[in-house]
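Starting from the structure of chain A, add chain B where the hints point.
Number of protein chains: 2
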Amino acid sequence: MSKVAVRGTLLDCISNPWDCAQEKQALRFIPDGVLVVEDGKIVESGASSEILVKHPEAQVEDFSGYLIVPGFVDVHLHYAQTRIIGSFGRQLLEWLQTYTFPEELKFTSKDYADEVAAVFFQEMFKNGTTTVQSFATTHPNSVVAFFEEARRQGALALCGLTGIDREGTAPDAYRDTPQGFYDGSKELLERFHQVDRCLYSIAPRFAFGSTHEQLKMAGRLAEEHPDCWIQTHLSENPAEVASVLEFFPDCQDYLGVYEKYGLVRKRFVAGHSIYLSEDEFRRMGDADASVAFCPASNLFLGSGFFQWDRANHFGVRWGLGCDSGGGNTLSALRTLDDAYKVGMLQVVTSDREKDEESLRLSASKALYAATLGSARCLDLEQEIGNFEKGKWADFVILDTGGSSVLEFRKNGARPSDSLEDACHQFFGMMMLWVPEVIRATFCKGRRVFG
Amino acid sequence: MSKVAVRGTLLDCISNPWDCAQEKQALRFIPDGVLVVEDGKIVESGASSEILVKHPEAQVEDFSGYLIVPGFVDVHLHYAQTRIIGSFGRQLLEWLQTYTFPEELKFTSKDYADEVAAVFFQEMFKNGTTTVQSFATTHPNSVVAFFEEARRQGALALCGLTGIDREGTAPDAYRDTPQGFYDGSKELLERFHQVDRCLYSIAPRFAFGSTHEQLKMAGRLAEEHPDCWIQTHLSENPAEVASVLEFFPDCQDYLGVYEKYGLVRKRFVAGHSIYLSEDEFRRMGDADASVAFCPASNLFLGSGFFQWDRANHFGVRWGLGCDSGGGNTLSALRTLDDAYKVGMLQVVTSDREKDEESLRLSASKALYAATLGSARCLDLEQEIGNFEKGKWADFVILDTGGSSVLEFRKNGARPSDSLEDACHQFFGMMMLWVPEVIRATFCKGRRVFG
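Quick note, the sequences are listed as chains A and B, same order. For the first sequence, counting from 1, position 96 maps to 96 in this note's numbering; every step adds exactly one. For the second sequence, counting from 1, position 257 maps to 257 in this note's numbering; every step adds exactly one.
This is chain A alone, in the form it adopts within the complex (with noise of 0.2 Å):
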């Protein structure tokens, strides 16, 4: 591939915005930017008065007046519920039964599966995401379907078979089995993991739906693959708690029952984690796990709050998550619009001791969050996650006037006038969100929407 040199305003994180003395610190803004990209990886980036002379030879796409933001990272979501996203009136078990599991089962087809995993990554690019870890169902097809797609886009994606063998929480013709489970995720971890941009991704559904002896096939999966991802959810829903509760009654807490199986650890990603004690987000800490934060799908089924400043606390990473179809959106602006109400409500509401600082989602805060904090969350911040040299190169050319609206609220400034100017209308995008604000995405450099 020739090399490219995308010109436009840079807008990145470069450390945690919680960290800093000054929020601002996190961020790296280029108001006249670019970025040189060859082989699907950036070769440099900065001042476009600097870079440019330096690489004569490249081809120059010219987003002046564009804002240009890492493409974002989607660290929890169910692609084969694309279909059902946005459905009426359940809270998180009823949800399943209801909607999920009569809409996953359709995944025992390849010819399903192919057709909705076309569609999903066609909507991640649209919506400026360009890195995806997705849970897929008990057939191995919707697996297969979704790394095919996955490498055929050339997008950076995690999944894995989902262990679900528990009578009663799921129909019969949906469960597996823990050999079932074992077998079929060993297979397809063989056949994808590390091959292209695929990484697999270990996924018992939850505590609720597995048993003593699927989580012990997990925990095996787990120790013979330690570079491999665990995504599974915790702690997301009062009912569900009390269940997983009842169901282990040697386990302190929920998250004591991912530990008994030696899950946690690195590349643990828990969905949700709501309800966590204290202890548990202590113990989450020091075993480098991570937390999907997914505020759409916590309001969308009014599953409660996740408590970032603790998580923050205790050193737990996170990342954001669209959840999508619990979700009722694939988008990572829109997500961070429920993100910034799901702080605000605690900051209001909550009687909690908390931080209020921390509550507040900025504009750093919400980019870090969708970007290098999710990378992060992923421990794939080597890869992606900024502009740094050498990563790949996944973009989002971002139109901060995309409707009527955010234009009048610009008020005439363009995001290049300053950092101020670039946040102010980041925050407008993600509050005030509508398609047309991703102008175009980039995928290991090659342009896959817009």
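Calculated directly from the structure, the hints in this document are not laboratory data. Incorrect hints may appear among the rest.
If several chains are the same, the list does not tell them apart, and a pair holds so long as it fits within one copy or across any two.
Straight-line distance between alpha carbons at most 20 Å, and here's what the computed EDC-like set of lysine to aspartate or glutamate pairs gives [unchecked claim]:
#1 410 to 103
#2 106 to 407
#3 110 to 420
#4 110 to 351
#5 126 to 278
#6 410 to 115
#7 126 to 436
#8 3 to 57
#9 354 to 19
Structure of chain B alone, referenced to chain A:
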């Protein structure tokens, strides 16, 4: 104006779904329907096969395949905050000082007010809203600009001069006086009330910002003009509530302040009403007063959750407000997304005694809230809110496949296929809103958008 027949799938509410044994009974669904419009009013509506032959001279506008619903009614917002919509990081009282008053001060200028009013009504129409009750500022120019633009556009519009005179609650330059508020309101009321579709709404901003003397003047206006509306804010934020009780130590609660000055009656529309006691709900119901539920604002500012199940229990009518700029959207559909989440959060996370079924905001209930329910909240159901003969021809043409995800989610079904499909698709448009779902908006029979 000549006679027009607008054809498509008609869906409107004929009663309150919360009061029906089966909520579908509240809906009128005509798969292939037509609205016959003349002189800005609905002459007749029904099945195309029956109606079209009766009006052979009518010019047919064909929106087959689209869903036609009544124009949305927004009962609470601040048009003067259009430019500062989605501003970062403050709860109510700080929000006002940091963003609101500096912006609203600009409305001393008639030119500035004209510019914003023109933008505002365009945005309303883009979003399918045809009736709006808005606050203005303390400057008469803000009200004049609003009503003048409403008249030009033909929108049904309620507005009034803002009253805020308490020292320390707003910048001195922004505050008015009791007499200034009375005189200014009186003059504007006489000039605009009942002119075209303009209606005057007496608007003391809130008991937090008005002195005893100013609220007395508001009461006098209310008494002298029983056919006028009264809009204000009530029990939005814990800090606000606490201050109000300090300012009015002789009142038993927040509502008691407005009662003291004779404001709580029919056509009294109180924004938010989040922290009402059971007794306050009861008194609101007894007085036939209304609540403006503003979910996007209540989540964006972190204010809390309106308990509509209790409002219903006590017979308190309530409608939907986007409450821009505290709400981060101008779209009624997008506002319903947050309304749904406010309901679900209460189902799962609230310990109070509640009616879970009532709190699940189905498509029928959501449509009612944004149309007939809001019309009733404003005591305007004789004029707007559904397709009854003789009502204003305010309606919206909805493209239920307005995005690729919505189209995928429809799974081949058309809104005309069944009431269930129409409802599923309406729910989809509110939870996965994109601007493109609004295909066209008609206000007083005139196509004002699309």
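Here's how the hints hold up against the structure:
no., hint, verdict
1, 410 to 103, "between (42 Å within a copy, 14 Å between copies)"
2, 106 to 407, "between (43 Å within a copy, 19 Å between copies)"
3, 110 to 420, "neither (49 Å within a copy, 29 Å between copies)"
4, 110 to 351, "neither (49 Å within a copy, 45 Å between copies)"
5, 126 to 278, "neither (38 Å within a copy, 47 Å between copies)"
6, 410 to 115, "between (39 Å within a copy, 15 Å between copies)"
7, 126 to 436, "both (9 Å within a copy, 15 Å between copies)"
8, 3 to 57, "within (7 Å within a copy, 65 Å between copies)"
9, 354 to 19, "within (16 Å within a copy, 41 Å between copies)"
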